Structure formats: C-alpha cells, structure tokens
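**Q** Just so you know, the sequences run in chain order A and B. Residue numbering for the first sequence is 391 to 686, as defined by the numbering used here. Residue numbering for the second sequence is 126 to 376, as defined by the numbering used here.
These aren't lab readings, by the way, just hints derived from the structure by calculation. Just so you know, these numbers come straight off a predicted model, no measurement behind them. Some clues are possibly wrong.
Each computed SDA-like pair below joins lysine to any residue, with the alpha-carbon atoms no more than 25 Å apart [unchecked claim]:
{"no.": "1", "chain 1": "B", "residue 1": "Lys154", "chain 2": "B", "residue 2": "Gly140"}
{"no.": "2", "chain 1": "A", "residue 1": "Lys491", "chain 2": "B", "residue 2": "Glu184"}
{"no.": "3", "chain 1": "A", "residue 1": "Lys491", "chain 2": "B", "residue 2": "Lys235"}
{"no.": "4", "chain 1": "B", "residue 1": "Lys314", "chain 2": "B", "residue 2": "Lys196"}
{"no.": "5", "chain 1": "B", "residue 1": "Lys235", "chain 2": "A", "residue 2": "Ile496"}
{"no.": "6", "chain 1": "A", "residue 1": "Lys587", "chain 2": "B", "residue 2": "Glu127"}
{"no.": "7", "chain 1": "B", "residue 1": "Lys141", "chain 2": "A", "residue 2": "Phe443"}
{"no.": "8", "chain 1": "A", "residue 1": "Lys582", "chain 2": "B", "residue 2": "Glu127"}
{"no.": "9", "chain 1": "A", "residue 1": "Lys587", "chain 2": "B", "residue 2": "Pro183"}
{"no.": "10", "chain 1": "B", "residue 1": "Lys186", "chain 2": "A", "residue 2": "Phe493"}
{"no.": "11", "chain 1": "A", "residue 1": "Lys587", "chain 2": "B", "residue 2": "Gly238"}
{"no.": "12", "chain 1": "A", "residue 1": "Lys625", "chain 2": "A", "residue 2": "Phe443"}
{"no.": "13", "chain 1": "A", "residue 1": "Lys491", "chain 2": "B", "residue 2": "Gly238"}
{"no.": "14", "chain 1": "A", "residue 1": "Lys491", "chain 2": "B", "residue 2": "Leu181"}
{"no.": "15", "chain 1": "B", "residue 1": "Lys235", "chain 2": "A", "residue 2": "Lys625"}
{"no.": "16", "chain 1": "A", "residue 1": "Lys587", "chain 2": "B", "residue 2": "Gly140"}
{"no.": "17", "chain 1": "A", "residue 1": "Lys490", "chain 2": "B", "residue 2": "Leu181"}
{"no.": "18", "chain 1": "B", "residue 1": "Lys196", "chain 2": "A", "residue 2": "Arg592"}
{"no.": "19", "chain 1": "B", "residue 1": "Lys131", "chain 2": "B", "residue 2": "Pro201"}
{"no.": "20", "chain 1": "A", "residue 1": "Lys582", "chain 2": "B", "residue 2": "Pro183"}
{"no.": "21", "chain 1": "B", "residue 1": "Lys207", "chain 2": "A", "residue 2": "Leu571"}
{"no.": "22", "chain 1": "A", "residue 1": "Lys490", "chain 2": "B", "residue 2": "Arg242"}
{"no.": "23", "chain 1": "A", "residue 1": "Lys582", "chain 2": "B", "residue 2": "Thr179"}
{"no.": "24", "chain 1": "A", "residue 1": "Lys582", "chain 2": "B", "residue 2": "Arg254"}
{"no.": "25", "chain 1": "A", "residue 1": "Lys491", "chain 2": "B", "residue 2": "Gly140"}
{"no.": "26", "chain 1": "A", "residue 1": "Lys587", "chain 2": "B", "residue 2": "Lys196"}
{"no.": "27", "chain 1": "B", "residue 1": "Lys141", "chain 2": "A", "residue 2": "Leu591"}
{"no.": "28", "chain 1": "B", "residue 1": "Lys131", "chain 2": "A", "residue 2": "Glu573"}
{"no.": "29", "chain 1": "B", "residue 1": "Lys186", "chain 2": "A", "residue 2": "Leu591"}
{"no.": "30", "chain 1": "A", "residue 1": "Lys491", "chain 2": "B", "residue 2": "Arg254"}
{"no.": "31", "chain 1": "B", "residue 1": "Lys244", "chain 2": "A", "residue 2": "Thr581"}
{"no.": "32", "chain 1": "B", "residue 1": "Lys235", "chain 2": "A", "residue 2": "Arg495"}
{"no.": "33", "chain 1": "B", "residue 1": "Lys141", "chain 2": "A", "residue 2": "Ile496"}
{"no.": "34", "chain 1": "B", "residue 1": "Lys207", "chain 2": "A", "residue 2": "Ile414"}
{"no.": "35", "chain 1": "A", "residue 1": "Lys582", "chain 2": "B", "residue 2": "Pro320"}
{"no.": "36", "chain 1": "A", "residue 1": "Lys587", "chain 2": "B", "residue 2": "Lys131"}
{"no.": "37", "chain 1": "A", "residue 1": "Lys582", "chain 2": "B", "residue 2": "Leu208"}
{"no.": "38", "chain 1": "A", "residue 1": "Lys582", "chain 2": "B", "residue 2": "Lys314"}
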Amino acid sequence: MYLLNRQQRHVVNYSWMLFSLLIIAFLPFMLFGGLYFKSFLLLKSYTLKDLIFSHSWHPSRGEFGFYPFIVGSVWVTLLAIIISTPICLLTAINVTQYAKKRFLRIMHPVIDILAGIPSVVYGVWGILVIVPFISHYLGPWFGIQTMGYSILAGALVLSVMIIPFILNIMIEIFRTIPTELKEATLSLGATKWQMVKHVLLRKALPGIIASVGFGLARAFGETMAVLMVVGNVIKVPHSVFDPGYTLPALIANNYGEVLSIPQYDSALMFAALLLLVVSLFFNLLMHFFIARYNKY
Amino acid sequence: METAIKIKNLNVFAGKTQILHDINVEIPKNKITVILGPSGCGKTTLLKCMNRLTDLYPELKVSGEILINEKNIFEPGADISKLRQSMGLLSQRPYPLPMTIYNNIAYALKLRGIRGRRKQSILVMDYLRQANLYEEVRKRLREPASRLSIGQQQRLCLARGLAVNPDIILADEPTSALDPISSRFIDEKFQEIKPHFTIVVVTHVLRQARRIADNVIFMYMGEVVEQGPAKDFFENPQEEKTKSYLEGMFN
Chain A
391 MYLLNRQQRH VVNYSWMLFS LLIIAFLPFM LFGGLYFKSF LLLKSYTLKD LIFSHSWHPS
451 RGEFGFYPFI VGSVWVTLLA IIISTPICLL TAINVTQYAK KRFLRIMHPV IDILAGIPSV
511 VYGVWGILVI VPFISHYLGP WFGIQTMGYS ILAGALVLSV MIIPFILNIM IEIFRTIPTE
571 LKEATLSLGA TKWQMVKHVL LRKALPGIIA SVGFGLARAF GETMAVLMVV GNVIKVPHSV
631 FDPGYTLPAL IANNYGEVLS IPQYDSALMF AALLLLVVSL FFNLLMHFFI ARYNKY
Chain B
126 METAIKIKNL NVFAGKTQIL HDINVEIPKN KITVILGPSG CGKTTLLKCM NRLTDLYPEL
186 KVSGEILINE KNIFEPGADI SKLRQSMGLL SQRPYPLPMT IYNNIAYALK LRGIRGRRKQ
246 SILVMDYLRQ ANLYEEVRKR LREPASRLSI GQQQRLCLAR GLAVNPDIIL ADEPTSALDP
306 ISSRFIDEKF QEIKPHFTIV VVTHVLRQAR RIADNVIFMY MGEVVEQGPA KDFFENPQEE
366 KTKSYLEGMF N
C-alpha cells in the first residue's frame with residue numbers, strides 16, 4: 391500500500407513540519423542579516439548618528455542624511471493613528487454594544503471590502519479627493535497656501551486604509567467580552583455608559599493597544615498610497631501642510647536606478663533595515679503594554 | 126407571609142420558541158426561595174427577568190408583569206439601574222470586574238452614591254469581612270481581583286453584591302463552580318443573612334435545595350409545575366412530575 395511504514399511516515403511528516411517551522415522562525419533573522427550585510431558599505435563609512443540625524447540627502451555628493459525621511463514617516467504614521475483610533479474605538483463600541491445585531495452583519499462585509507482595496511486605488515482616491523480638498527478648502531481655512539500634496543494628505547489616506555484592520559480587531563475584542571461580565575456590572579446598578587467606560591474599556595485595553603500597534607506597523611510600512619499623495623520632497627516638514635517623504639517611498643522611488651553609486655544602493659538597504667527595526671520596536675513596545683495591562 | 130416579588134402571566138419567547146409559559150409565582154419576603162428544575166427548563170431566564178437582564182438579549186421577547194413593591198418592573202420609564210441595584214446578583218461563575226480587589230467593592234459603593242475615601246474604605250473592609258474574605262486578602266487589596274481563586278472570587282462577588290445594599294439577592298447556581306468548602310460557606314451565608322434579604326436561588330442540585338430552601342418553585346420545560354413551602358414540597362409533593370424528579374427520574 392504505502393512506500394513507507396507508519397514509523398517512517400511519521401518521521402518524514404515530522405521533519406517537514408519542523409523544516410517549515412524553522413524557515414518561519416529564521417525568516418526575520420535572514421531578512422535582518424541580509425539587509426545588514428547589504429547596508430554594511432554605508433555603515434562602514436558613516437556613523438549611525440550621522441545617518442539618522444543628518445538633514446542633507448545628496449547621494450551624488452556622498453551625503454546620506456535620513457532625518458527628513460524618518461521624520462516624514464513618523465509624522466504620517468502617528469497622525470494616521472491619531473485620526474483612525476478614536477473613530478475605530480467608537481465604531482467598535484457602538485456596533486457591539488448599542489447597535490442592532492443586523493447592523494454588525496452589514497458592517498462586516500463593508501469592512502472586509504475596505505480592507506481588500508489595493509493601496510494604489512487608495513492613492514488615486516487621495517489624489518482625486520483628499521489632495522484638492524486640502525489645497526482648496528482645508529489649507530485656505532487655516533490661512534495656509536498648500537499644494538495639497540502633504541503630510542496631512544498622506545496621513546488621511548493612510549488613516550482610511552488602516553481603519554478596517556484596527557476596526558476588525560477591536561470589534562472582535564469587544565465581542566469576546568463575556569456577557570456575564572456585562573450582567574455583573576449592570577446588576578450593580580451601572581448604566582450602560584458606565585459599564586462601557588469603567589469595565590468594558592478596561593477589560594479591552596490590552597486588545598485595544600494591540601490593535602493600535604498592528605495599525606502602526608501597517609501604517610509605517612505602507613508605501614504606494616502614501617507615496618502618491620505625500621509630495622516626495624526631501625525636506626524636514628514643519629507643519630502637516632508641508633510635503634514630506636517617507637522611508638518606504640524612498641526605497642520604492644529610487645531602487646533600480648541607483649546601481650551606479652554603490653553607496654546609494656547601500657543607503658536604500660539601510661532604509662529598509664530602519665523600517666524593519668522600527669516595526670520590531672513597535673512590536674516589542676506593544677507586547678510590553680499588553681503584558682502591563684493584561685493582569686485584570 | 127409578605128410577598129417580595131409577584132410574577133403574573135410571564136411569557137418569554139426567543140424568536141418563535143417559547144422559553145417560559147405563563148409563569149405565576151409569588152416569592153416570599155426574607156425567605157430563601159429555590160427555583161428547582163432540570164437543566165434547560167428556564168430557571169435562569171426566569172431569574173434574569175427579575176432584574177431585567179433579559180434586556181441584554183434582543184432576541185428575547187418578554188410579556189407579563191413582575192411586581193416588586195407593587196410596581197411593575199416592565200413599565201416604561203422604570204428606573205432599571207435602580208431596580209438592578211435593589212437586587213444583588215451572584216452568577217454561576219464569578220465575574221470580578223477588571224479592577225483591583227478593593228475597587229471591585231468600592232465601585233459598587235460608588236454606584237450606590239457613597240463618596241469619600243474614608244467612608245468607602247471602612248465599608249469595603251466591612252463587606253469583605255461579611256463575605257469571609259478579609260483575612261485572606263488583607264495584604265493584597267491592590268492586586269487585580271482576577272488573581273484570586275475561583276472560590277475567593279465568588280465570595281468577592283458576594284461582597285460586591287451586598288455592597289450595593291440590595292433588598293433581594295438573586296443567585297444563579299452560585300456554587301456550581303466552587304469547591305465544597307466555598308460552597309458550604311455560600312449556603313451558610315444565605316441562611317445567616319436571610320432575615321434581612323429576600324433570596325432567590327436557582328439550582329438543579331436537589332441536595333442543595335433540601336438544605337437551604339424555605340420555599341420551592343419547581344420548573345419543567347418552561348412551566349412552573351409546583352410551588353410552595355419546602356416542607357410540603359419535599360414531603361408531600363402533589364404533582365406526578367415533582368414526584369419523579371424527587372425520585373431522581375430525570376435530571
């Protein structure tokens with residue numbers, strides 16, 4: 391019947407499983423090692439401090455200051471999170487605690503559709519809607535003249551993009567809070583809002599932090615949609631209406647045309663390394679917070 | 126015998142299935158009333174009707190009247206928070222609030238309108254003592270309540286339930302998840318505080334019912350089969366179904 395006996399089949403299957411596991415476990419290290427190796431040329435000739443804090447980016451003159459890109463990325467990401475987190479949180483609470491069940495059944499496919507739209511489509515939407523909105527209305531309203539291609543445009547497009555991801559997790563978190571805990575709280579005489587504020591939010595806090603962390607990581611690495619609306623001007627932005635440049639956009643815009651300057655190539659690899667390190671940092675930070683608040 | 130809760134023509138539907146059929150019962154004041162019956166007979170639903178936790182389940186349709194102090198709790202405009210506050214709830218498994226041990230009780234006091242740190246702190250200790258928990262948790266009041274054992278958590282929930290200063294205590298199989306010592310404590314506690322509270326206990330354990338009940342409501346398939354004083358019920362049951370249940374025919 392079989393080529394191998396049961397014992398042998400067990401060994402074969404087990405080795406395959408172990409092999410797959412090892413691949414996944416080592417993948418991050420391989421990525422990290424590869425990027426470090428490729429960016430070594432740059433790291434050899436410049437100090438880390440110079441690379442991260444220097445403002446001037448002139449690859450042809452051998453100046454590689456990543457500061458504008460780092461600042462651009464951080465601004466866009468944080469702003470997007472600040473915009474989308476409250477929206478997601480309130481929506482999740484409403485949908486799971488207040489709205490009719492039917493509503494959630496309608497919401498789910500809508501969220502999934504939002505999550506499945508390719509990022510280039512979000513980019514086009516940003517160019518057609520968000521950018522003119524900022525240059526014609528929002529900018530003048532604040533008395534600022536702007537092209538519209540700006541940190542704010544990137545953040546707005548990005549915030550819409552990450553909403554489905556954060557929202558899905560948050561809804562799941564609020565749904566998994568046991569009904570009995572709600573019953574216990576209400577039976578003490580708490581109103582529904584008191585229950586949400588004092589008990590549900592606290593119970594959900596580790597999950598909320600985790601969902602925001604997930605959103606952060608996604609937002610920080612998002613390339614296409616941001617690249618299309620953020621302006622791509624290598625300058626440290628001074629307000630959200632200034633154009634900026636993000637790390638992923640730097641790589642996407644320049645990789646492939648730079649091979650004539652070896653250090654340039656290495657610099658882009660360093661940008662990728664930075665992205666990896668920052669997302670790792672976010673990850674660890676979230677785990678720290680989750681552990682910190684998970685005791686209840 | 127004074128009546129604390131009077132239930133008239135109570136019907137509960139979940140969609141098209143009828144869970145409770147025309148319930149008419151009277152629950153005497155300052156006595157322990159046990160709602161007895163096999164699993165899935167609607168005991169818990171009946172209990173949840175009493176403090177309107179049924180509102181949390183939009184699929185449940187409730188009709189009929191429940192009179193507490195001559196007032197129908199289903200009347201539009203009834204103050205539900207206040208109603209629930211007049212009834213402490215002890216559920217099957219303890220659900221401590223996601224707070225410290227101390228705050229679990231302080232929160233109940235706050236909802237009751239008791240402010241001021243000193244006053245709260247005195248009362249928290251007092252309720253912990255009443256639930257026989259104080260000595261065990263004295264040194265860890267600022268720890269999360271979830272770190273307590275299940276038995277301790279249930280006693281904390283009892284303390285929390287007492288802290289809202291209720292007239293009625295609703296208990297839904299409060300000892301089914303507990304170790305024998307904690308269970309015995311809860312049963313004895315009910316006996317002890319009975320002069321001050323009306324206690325309604327849901328259980329499917331016949332022995333527990335025999336041990337604590339003053340008054341029994343026997344339910345089967347969503348209907349009240351028989352109700353009355355515990356002595357009559359156990360010694361001289363009237364209905365066939367009651368007899369077979371007491372003989373252990375079905376569980």
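**Q** Confirm or reject each hint.
**A** How the hints compare with the structure:
no., hint, in the structure
1, B:Lys154 / B:Gly140, "violated (34 Å)"
2, A:Lys491 / B:Glu184, "holds (10 Å)"
3, A:Lys491 / B:Lys235, "violated (32 Å)"
4, B:Lys314 / B:Lys196, "violated (29 Å)"
5, B:Lys235 / A:Ile496, "violated (38 Å)"
6, A:Lys587 / B:Glu127, "violated (39 Å)"
7, B:Lys141 / A:Phe443, "violated (69 Å)"
8, A:Lys582 / B:Glu127, "violated (33 Å)"
9, A:Lys587 / B:Pro183, "holds (22 Å)"
10, B:Lys186 / A:Phe493, "holds (20 Å)"
11, A:Lys587 / B:Gly238, "holds (17 Å)"
12, A:Lys625 / A:Phe443, "holds (13 Å)"
13, A:Lys491 / B:Gly238, "violated (34 Å)"
14, A:Lys491 / B:Leu181, "holds (12 Å)"
15, B:Lys235 / A:Lys625, "violated (54 Å)"
16, A:Lys587 / B:Gly140, "violated (31 Å)"
17, A:Lys490 / B:Leu181, "holds (11 Å)"
18, B:Lys196 / A:Arg592, "violated (35 Å)"
19, B:Lys131 / B:Pro201, "holds (18 Å)"
20, A:Lys582 / B:Pro183, "holds (15 Å)"
21, B:Lys207 / A:Leu571, "holds (19 Å)"
22, A:Lys490 / B:Arg242, "violated (40 Å)"
23, A:Lys582 / B:Thr179, "holds (14 Å)"
24, A:Lys582 / B:Arg254, "violated (30 Å)"
25, A:Lys491 / B:Gly140, "holds (14 Å)"
26, A:Lys587 / B:Lys196, "violated (31 Å)"
27, B:Lys141 / A:Leu591, "violated (35 Å)"
28, B:Lys131 / A:Glu573, "holds (22 Å)"
29, B:Lys186 / A:Leu591, "violated (29 Å)"
30, A:Lys491 / B:Arg254, "violated (42 Å)"
31, B:Lys244 / A:Thr581, "holds (23 Å)"
32, B:Lys235 / A:Arg495, "violated (37 Å)"
33, B:Lys141 / A:Ile496, "holds (24 Å)"
34, B:Lys207 / A:Ile414, "violated (56 Å)"
35, A:Lys582 / B:Pro320, "violated (32 Å)"
36, A:Lys587 / B:Lys131, "violated (34 Å)"
37, A:Lys582 / B:Leu208, "holds (14 Å)"
38, A:Lys582 / B:Lys314, "violated (31 Å)"
Figure legend: structure checked against the earlier numbered hints; hints not met, in rising order: 1, 3, 4, 5, 6, 7, 8, 13, 15, 16, 18, 22, 24, 26, 27, 29, 30, 32, 34, 35, 36 and 38.
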